[in-house]
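Participant: For the protein sequence lines, the chains are W and S, in the order given. First residue of the first sequence? That's 1 in the numbering used here, and the numbers climb one at a time after it. First residue of the second sequence? That's 1 in the numbering used here, and the numbers climb one at a time after it.
Do not take every clue at face value.
[Unchecked claim] So the derived label-pair ranges between C-beta atoms look like this: (1) S54/W - V13/S: 26 to 36 Å; (2) E109/W - N24/S: 19 to 29 Å; (3) V50/S - K66/W: 32 to 42 Å.
The set of hints was computed from the structure by calculation and includes no laboratory data. Note that the Cβ used here is the ideal one computed from N, Cα and C, for glycine as well.
The residues making up each chain are set out below.
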Amino acid sequence: GAVVSQHPSRVICKSGTSVKIECRSLDFQATTMFWYRQFPKKSLMLMATSNEGSKATYEQGVEKDKFLINHASLTLSTLTVTSAHPEDSSFYICSARGRVRLAGSHSYEQYFGPGTRLTVT
Amino acid sequence: GQQVMQIPQYQHVQEGEDFTTYCNSSTTLSNIQWYKQRPGGHPVFLIQLVKSGEVKKQKRLTFQFGEAKKNSSLHITATQTTDVGTYFCAVPSGGGADGLTFGKGTHLIIQP
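In isolation and in its complexed conformation, chain W is listed as follows (with noise of 0.2 Å):
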């Protein structure tokens, strides 16, 4: 169990449009999901911690208007990216926290999805 797909994988756009990416967890509930952006050969950065029902925390430095986060359901949360430019372009990837059931416990740690490689032209 525990996993988590994106959608897309790989997007590109021209400068100006916006871009959403959505992240779901498949089997069980997250209440929590974070977004974190990752540049060649660099490490993640969070960008934005997503919980269920309410507004999204953003890191310090994280545009909220640009980068629009909604967590509608507990299993899904979307990014999008609004105007994106080319400095944009990285690779976005979130993960999910949810009390996960393994075989003969739970889990409370986070799970990674594919991650989403956005190029903005």
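Take the given structure of chain W and dock chain S to it, following the hints.
Facilitator: Same frame as chain W, now just chain S:
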């Protein structure tokens, strides 16, 4: 916010040699997690350490959490080509949320 230093950034080893990556924090950590990211892939959870002085093993991987809970290490014995990837430590970012602050990662390159 929370910061964690990870070294080395790159490590070249011959297949069969051992490998170690280290993470250090200036503050006491509640826990530390380790992830592996294969080239082109996403981070995969390896383990979480919580207790002071904790040592956990997964086959050829040994994870340690320092007595002061400020440092941790991941050691791989007799590396294999399948161990190639980037190993990240991650610590709670603080602020009441469960987001993670990742170390810069150690890129493990194995020469056959």
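Participant: State for each hint whether it applies.
Facilitator: Structure-based check of all given hints:
{"no.": "1", "hint": "S54/W - V13/S: 26 to 36 Å", "result": "violated, 46 Å"}
{"no.": "2", "hint": "E109/W - N24/S: 19 to 29 Å", "result": "holds, 22 Å"}
{"no.": "3", "hint": "V50/S - K66/W: 32 to 42 Å", "result": "holds, 36 Å"}
Hint compliance for this structure: hint 1 is the single one not met.
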